[in-house]
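J.: Listed below are the residues making up each chain.
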Amino acid sequence: MRALPFPARRWARALARPAAALAVAGVVGAAGVAAAAGPPGPALPAGAELPRSVALAAGPAAALRQRASTLARAVGLQGTATAAREVVDPLLKRTVHEIDLTEGGRRTGLLVQDAQSGRTLAIADLAWDPDDDAPRTDRRSAPAAAARLAKAAGLGPPDTAPTVAWDDAADAWTVSWPRIVDGVPVPSDTLTVRLRPGGTLASLSAPQSPLAAAPQRTISSQTALRVAHDFAAGHALDRLSGFQVEDLGLAWSEVNGFAGGTVAFEPTLRLCRVIRISYLPADAADPERIELHVDAGTGQIVGGDQTS
Amino acid sequence: MSRHRGTQRLLGPPLAALLLVLSFGAHGAAAYQGSAYENYTAFQSCMGWASGMTDTMRAQAVSALAALGYSTTWYRRTAFTRSRVLSRAGADQAVYVQSHGDQYYKGAPTKVQGFRQDGGACSGAPIVYATDIDARRSSTAAHIVVMSTCHLGEAAATQGQITMSQAYGIAQRRSSRTDSVGYGPEFYLSYIGDAWLDDQLKFERSFWHYAATSSTLGQAFDLALATSGKAARTTPTWFGTYLYSGFPWAPSPPCTRCA
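Protein chains in written order, with the working numbering: chain A, 1 to 308; chain B, 309 to 567.
Chain A on its own, in the form it takes in the complex:
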């Protein structure tokens, strides 16, 4: 089988936006195309709509393109900045600016900046060149190359040793610096630079969440474990095979509505004790794990996560 030739793919792409617009308008749903023939329930929970693009005024868009072109050159990306837009995510409560890089009619990269501060959040190179795969970078040399690219993007990497790993799916060396604030990790805010084997930038991720004020006094590990034990007992988790509870320590953690009835992300992280509950289901080779974010000041469960 063959994929579409380029002109046909362009047409297919042209259909995507109207299709999405029609779906939003309910036209497609009425035609039965997005039929939710499963049991009763909302097709798309309120507030969970996919991120939407908003056009920018000409002046701000031009300024974004100019900055993006400079940044792209600094990190060695091909193309010029041709389109800038605002992207609003109603679920994650994030607003960013996205700038496309193009060359010869094709998209060669994307830059993402925080809409308020202008800080670079992500850069992705979409123009692969065969020379990118020449093996000029290895596990030993990757950190220095990644640090140079992070600095070129205006993001000074922390003065700590990064982790380095090869990622087959990204076809890149992944160099990561954890964010640590006053000795407490911020797991969601890792600075990651992905390098092609030839040492050029594949992508860069630099999320930086705002942090709530730290509580004046933090609850003890024992208190947090008791909160988790009470929660587990209240939901009969303590009767499951292989049930265990452990305190993973303090972390700046996400408030996401876990166990609260609905997904409700807050952009600001809170200082929490992270408590892990694990158990082993029948037939499973690996345990399943639940983590509770117990607010280090109030002792309330404000978020959490679970393996699938």
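Only true hints are included.
Here are some of the chain B residues that sit facing chain A, going by a computed Cβ distance under 7 Å:
#1 W357
#2 H408
#3 C458
#4 R485
#5 T486
#6 W504
#7 L505
#8 H517
#9 Q527
#10 D530
#11 L531
#12 L533
#13 A534
#14 T535
#15 G537
Hint data in this document are derived by calculation from the structure and do not stem from the laboratory. Cβ coordinates follow ideal geometry from the N, Cα and C atoms, glycine included.
Here the structure of chain A is known, so what remains is to put chain B in place on it, guided by the hints.
T.: Below, chain B without anything else, positioned relative to chain A:
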């Protein structure tokens, strides 16, 4: 912008929308079958609380698959059963599963990749094995398969056992990022090791956003890696054709719905 290109931009979207509506009417809901499954019971009812995360992930997938042109029906609770999955597996061209996944023991020491059905049961939910799906599929690959589970992006733990991607006709290999033909119109996305719901939600949200708007599925994967804000501990992976658009009418020739 030239006048010609300006006219294209003005007329393009309404014309494309009209074509889209007409083509849906002509081909009906069964043209490009998609199925989305959500294990609501295991992640919400059985835990005694509702996080809403699995609903959101399933809904994102259904919304994006519909935008790409798949007639996607979704199932959860008692409607998401092993028998339901297998009855639809042969005709599915797009599949999304949000459930527990693992390389389960199927007569120790043999492990086979699979995922749990929902079925409304809190314990001992039957497993849909890759071997079950493989037995119901022809050699034609599905177009898009997303296993939003742990472990189903891994190589087989027991040598010689079929993986979940292979069960849907998608070999565990990746095309070059510039090969416009690649392995044909096929793309598989899942996770290596433990996958965490919060990360899956963010990663898939970003993947679907780009896939449904302006990017090939491989580019959408790379963009989601860069922009989603997922934590490092969740490791997504993909197989198939990097430059596959995701549209179901891509398997030409003949491409009767292409310009």
